[in-house]
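*Asks:* The lines below spell out each chain.
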Amino acid sequence: MTDHLLEVRDLSVQFHTAQGIVRAVNGISWHLDRGETLAILGESGSGKSVSASAIMNLIDMPPGEITSGEILFEGRDLLKASDEERRRLNGKRISMIFQDPLGHLNPVYPVGWQIAETAMAHGRGKAEAYDRALALMERVGIPDARASMGKYPHQFSGGQRQRLMIAMALALKPDILIADEPTTALDVTVQAEVLSLLEELQEETGMGLLLITHDLGVVAEAADRAVVMEGGLVVETGTPRELYHNATHPYTRKLLAAAPGKGAMREPEDGPEAILEVRDLKKDYGGFEALKGVSFDMHAGETLAVVGESGSGKSTIARLVLRLEEASSGTARWKGEDLLTKSPRQMGKLRRQLQMVFQDPTQSLNPHMSVFQIISEAWVIHPDILPKARWPERVAELLDQVGLSPEHAKRYPHQFSGGQRQRIAIARALALEPDLIICDEAVSALDVSIQAQVIDLLGKLRDELGIAFLFIAHDLPVVRDFADRVLVMQRGEIVEQGSVRQIFEQPCAPYTQRLLAAGLDSDPDVQADRRAARLALAGN
Amino acid sequence: MSNSTTHSTGPTDQQAVTPEAAVAAPVTGGPSGLRRILRMLVADKLALLSALFLVIVILCAILGPLFLAEMASDTNLRARNAPPFELERGFAYILGGDALGRPLLARIVMAARNTMLIAAGAVAGSMLIGSTLGLIAGYAGRWTGEVIMRLADVIMSFPSLLLAVIVLYMLAPSIGNLVLVLAITRIPIYLRTTRAEVLEVRKRMFVQAATVMGASRRRIIFRHILPVILPTLLTIATLDFAFVMLAESALSFLGIGIQAPEITWGLMVSQGRAYLTNAWWLAFWPGLAIILTTMSLNLLSSWMRVALNPTQRWRLEIGGKKND
Amino acid sequence: MNGMLGKRAISSLVSLLALIVLVFFLSRLTGDPAALYLPVDASEAMRENFREIHGLNDPVIVQFGRYLGDLVQLDFGESLRKARPAIDVVLEAFVWTLWLALITMTLVTVAAIIVGSVAAFHVGRPFDRFASVLSLIGASAPDFWIAIIGIVVFSVSFGWLPTSGTGTIWHWILPISVLFVRPFGLILQVVRGSMITALGSPYVKTARAKGVKNRPVIFVHTLRNAMLPVITVIGDQAAALLNGAVVVETIFGFPGVGKLMIDSILQRDFNVILAAIMVTAVAIFIMNILIDIAYALLDPRIRT
Amino acid sequence: QDAGVTIVLGEEPDLVEPCMATRSNIGRIVLGNISETLTELDVRGDEGLKPRLAESWEMVGDDTWRFHLREGVTFSDGSAFDAEDVKHSFERAQSDQITCEISRYYEGIEITPEVVDEHTIDFTTDPAQPILPLLMTLLTIVPSETPIEFTREPVGTGPYVLSDWAPGQSITLERRDDYWGEAPEVASANYVFRADPSVRAAMIATGEADIAPSISAIDATTEMDMSYPNSETTYLRIDQSMAPLDDVRVREALNIAIDREAFVGTILAEGTELATALNVPTTLGWNPDTKARPYDPERAAALLEEAKADGVPVDTEILLVGRTGNFPGATETFEAIQSMLSDVGFNIRLQMVEVAEHEQYYSKPYVDTQPVLVGAQHDNSRGDPVFSMYFKYHSDGRQSGISDAHADELIEKATAATGEEREALWSELFGYLHDEVIADVLLFHMVGHARVGDSVDFTPTIATNSQLQLAEIGLN
Ligand SMILES: Nc1ncnc2c1ncn2[C@@H]1O[C@H](COP(=O)(O)OP(=O)(O)OP(=O)(O)O)[C@@H](O)[C@H]1O
Ligand SMILES: Nc1ncnc2c1ncn2[C@@H]1O[C@H](COP(=O)(O)OP(=O)(O)OP(=O)(O)O)[C@@H](O)[C@H]1O
Ligand SMILES: [Mg+2]
Ligand SMILES: [Mg+2]
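Protein sequences, first through last, are from chains A, B, C and D. So in this note's numbering, spot 422 of the first sequence is number 422, and the numbers just go up one at a time. Adding 1000 to a residue's 1-based position in the second sequence gives its number in this note's numbering. Adding 2000 to a residue's 1-based position in the third sequence gives its number in this note's numbering. Adding 3000 to a residue's 1-based position in the fourth sequence gives its number in this note's numbering.
By construction, these hints were calculated from the structure, which means they are not laboratory data. Remember, it's a predicted structure, so these values are computed and weren't measured experimentally. Be aware that a few hints might be false.
Partial selection, computed: residues in chain D whose CB lies under 7 Å from chain C [what the hints assert, rightly or not]:
1) 3014
2) 3150
3) 3205
Note that beta-carbon positions come from the ideal geometry of N, C-alpha and C, so glycine has one too.
Please build the complete structure, drawing on both the sequences and the hints.
*Replies:* What follows is the structure, given as structure tokens:
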């Protein structure tokens, strides 16, 4: 019994807030063995990240409080260990990949140093630590790793940052790796590489992997066992196969049923003229060409998905079109007018029509404002949308639509889980009732049931109000369900564009083909076959 | 831990029905508005004391001159430099008498008005102008920013004393003019602090998010950037209170500031300076008043810093339960 | 970087010129130096003669033209009172002030950052309360109190240190200690506040998850993020010291620029005022440039 | 080396220029130490005018004074002292290329020096100048080679020579071996400067310095401390051209409304004397018959009533101007005066100002928008009222508050008179001003305090305010 590498028994965590006590985790128990991968699936906000933080001793106490339970690492109760002991374990024996990479990287230090520091903090020499950091950055696929070591977090794309976090956590080959949504921002090819890297490490060192994810495909591919959480409780455990085929708890069943990629594909209708015409858009970051001349059109009420390699410039397009950064060259015509030459004042007027959900939801929410203030800010800025008396009602409605409850309106961003924050960001964008919403990985942190609910909502808005979506995503099944047309990007260029059907059924570009092939299926059996085939291929 | 409900109750029915609400649903309702602020104040004993002290000071400033003007200016050479804590001359002499035998307590109370007018006027003025200019310099175009910053350089290198001599020589030493001088000399600190922070904060994602929503510059500055900078500005401002009071004292000492028979704490301190080694209480009590006021303001601003910051506020909200 | 420095140097030069114009004309509105220089019973003829000798009878604009003309030849004029080149008088004093400022600010910076950071880390605990209250008392106490008490205690009672003056290293201890107190309190408070906020950031969690010890978490990870306002305030305090530490100079008989400036202002010794302002302004401008460079070095996001 | 003393002064002199020796901070260093004068006023005994560089002097003719100079005297640069040096010193002081302060004492008199022989010099004056030998106590003698510009390396005939000047820090004088007179005991003197009186006092206590010629009365509590009349007289100058101050009853009321005795030993030091004249009692012609008016607030109030009944606008606000830091306790003094004057019914507004602003009130042209009382101090330790009277009481005097034909006449006559006649005229003037004109509110003759360390023997005198002869210091 005690030879489990890590065992959590009856763990409960709660938070004190102005509105009272929030019970985030309510007596959960599970265990993790050497060399094993345990997936934690579950609803967004069900306590997955909080329980992981408890293991790492990272909960702020107060306002957090661990009210019961034990966390046994190699038989020792971590909750009784001293801070110094736990510090020594952290990073070396137990490592963690955080859900929100941008906030968790120190903005003022070069990433190379930050990765190397893990090793240095545990007594390794500087040269060794840096060598290892470089090797890891290459392993996780950071382009031009040596030069990138000296760059700062804000100079990387979302996916790249996530990979930097992974490299940081792996630096000392820990016994336990807690990976909190490690692949949410990664395109499937990179995701596959990362998963195989983790697997290799497991084979090499017997590392136990605690994989927190909502991606059923990842569970099917990588997990030995899975735990399903809901509302701070563990509702079901089992192997992926057992769960997939014989789930007993209604939530698990709901989750599996919600797995995307099974619906009918949409057919783009020709007709409405283009509302956004992007031509030859280029962006140069001090010699590095992030965008090398991108052109595409968008029509009213259409969903244009942008998929592609991590770091290929997807978010950059969004930032340039919205004038958060200045393009090096090119044009972006919005209903005939070039956005890129507008003065800030003119741009301000247009902004209401174009909204964005940012890739890093945490950083995009003002920590000083309550959720109510964040959402209603739209109406403060554009008072003609809604009379003040109706704000509370509408905030409650929006929160409900994205799967949050009206009570959440009083809380502040830091009191939410990753997925919850993402939904707040979505609600904020919707509050403005714009003509175009740019969703940058807007549903990547949501569990599939909520994801389905949100996608449904977006679909309804598209159909009823004619809102167009520029949908940047890496999750192919979601794209398949939701998009009208798809752009595929690689290294700052559009390699292919076409209707969903065309892209998914007759991909032309080799990169698209690779992308589709790397996609994961939520059925563990299907995934096992694919895996066997891939291994066989590699074996030859 | 005592008051937390036991964890073993497990999931309730309600949780099973709407799991989302279960985690989020507050167990106890939270108070709102003024009550809540008061409760947070009570949670920090030092801040509470500070607030009380400041209320007293403000009351003195408002009421003191109405009741004590006579007593505070009546010379009585027999009580000259009367030592403190002797009650035979009456309670007014509890802090002793000054060089003309006027009761120090009455004079301190009396001086509160001028002192507060000058200090609050100068600090508020410099903070307002300084941080506004700083916001503009940090947020506006290169040119405007550059001009403002160089202006700050000029003010920073313009000796305050010279400014005082110029203004007070040309415009006569009045409280208003003194406030003007002191305010101008303190502008650069707020200006530079604000600008430096704006440069960083404006790059943050939530500011960009607000831009995307079409927020006006003004809104971005005041609603998004300012709250991040405000705590720092407040910290500086509260300490500047002391600085201004003492600077005023130094000017009086040199003969350019407020002069007798007007009184301020600073003036009392500077007049008591000569007696420091013989009748320490002359300079000590007004000095103590300055220290206590500054300290109260600062402790209150520390408290405010926590109370205004949602990620820190729990320190006050869970108050007595668990403090460290 | 060089381009930026060049531009900055030019714009600073413009500021300097503005400063000179401002000081030159404004200071001449504050009265007749002859009245102050000569004894009260001096006759009008003597006063007239004094003004004539020092060129104070010409229209101010003519005086200014002459001043600028001399200035480009690096002639800062004579001190009215000391009958010496103003710049010599100022530089002599400025060296003392510069050292005093440098030493004090170095000590203050180090001490305030360490104590402030540690206090922030233990916010609300006894150490924090103690450090805060003590530093606040220091920061708001009249500095001559501290000076005189220092002299009474350490010089007169214990006889450990000289009361005042210059000469040995011991002479520096009291003045520096007195100068230390106020900036220490102010900077400490700013460090503390800024650090409290920064310590709540997610990257601090990352560092702890990596197993980084408390000390580097505070001083490496968090401090640098909290430094922006701190540096600004350090600059402000340093500027105040460069402008002269009047009380300390007066009480301890320290021959710095502060007392010189005050005396010159009260006596309307215009050339010394101008020279002193120019010298300190140049020092302050250079410091501000260094501070702006420091901002960029500290925070890569500001660099662009 | 061992015989050195350290003297701590309140401020560093801007110059150490002999012709500026009437400034007290320069005089304390220069007078009698570096530079000498032809004559010298005895302040310790009552010898009156004594010879120094001049051995004797006499009148030759109605308007010419002849000085016989001491022989065998050399300057510190080695050159010999002769009549040419005296002539040059005088001309230099009078030159319009530099602003020598001592020249103001020769204002309005045409003086022509003429070298008779190497050791004899004549001064011819127009008009006749009966007190020329007294004026010669002010003329510091420099060698004839001294350029007509301010020097930083003063050369004189005195027993000491300036050996080092570290600006801002200290000035050092070194004893000369070739001094003509008796070699003083003190071998070297180190002057240091501290603005704060309590620090000066502390320095003596710790042994860092030996003499602090002026410390605050408040600190003067130990055995080392000595008080001395510092020749300063504090008074309120009345500008009589403005109503109600043009009424003599009002001026009398001002005088008797102030309880001057209450100040002594409280705000002002013990030993402070009530003044009946602008000059100290040791001055020529000081009038012992003038008596200080006793404090009488009732009478003051009555006088005001009386004046009011006659239509004098006694309710007009009167501005009382004081100077901050004029003397220790200045602010308190003026505050107390204000309160006393208010008590008898004056409408007084007090305004304390800094030097430059004070000067605007003090010297003509006066403020003419409001009646003004200017609090000020006057110092004349030179023994003759001539240095005061013209400025303070003649209609054309720069600081005169009165315009009185009789006073003008007395001043002019006394200035030209000699001997007993002179004394009598001054005496008459003192009486007239105090009793009849009630020219000003005379307050106090002040005292100063010096602290002297155990290792030296020194007694301050009335001259200590303006000079400090090292030769008068003995070592224990
Ligand atoms: N500081 C806090 N104060 C109050 N409530 C909190 C705080 N931190 C987290 N919570 C709440 O605890 C619950 C669990 O959060 P947690 O981050 O563990 O969710 P999660 O399972 O990781 O969700 P996701 O998949 O969206 O990341 C959420 O309902 C959240 O609102
Ligand atoms: N400020 C910057 N300075 C330098 N390079 C940058 C900067 N911002 C982005 N880049 C680079 O530009 C490229 C495109 O970034 P972008 O954020 O658009 O990628 P992305 O397609 O959104 O990737 P992901 O799916 O990982 O978010 C990346 O290679 C990134 O390293
Ligand atoms: Mg999470
Ligand atoms: Mg991106």
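*Asks:* Run every hint past the structure and note whether it holds.
*Replies:* We went through each hint and held it up to the structure:
1. At its closest, the beta carbon of residue 3014 of chain D sits 4 Å from a beta carbon of chain C; the interface hint therefore holds under the 7 Å criterion.
2. About 4 Å separates the beta-carbon of residue 3150 of chain D from the nearest beta-carbon of chain C, less than 7 Å, and the hint is met.
3. For residue 3205 of chain D, the interface hint holds, since its Cβ comes within 7 Å of a Cβ in chain C; the closest pair sits about 6 Å apart.
Hint check: no violations occur; every hint is consistent with the structure.
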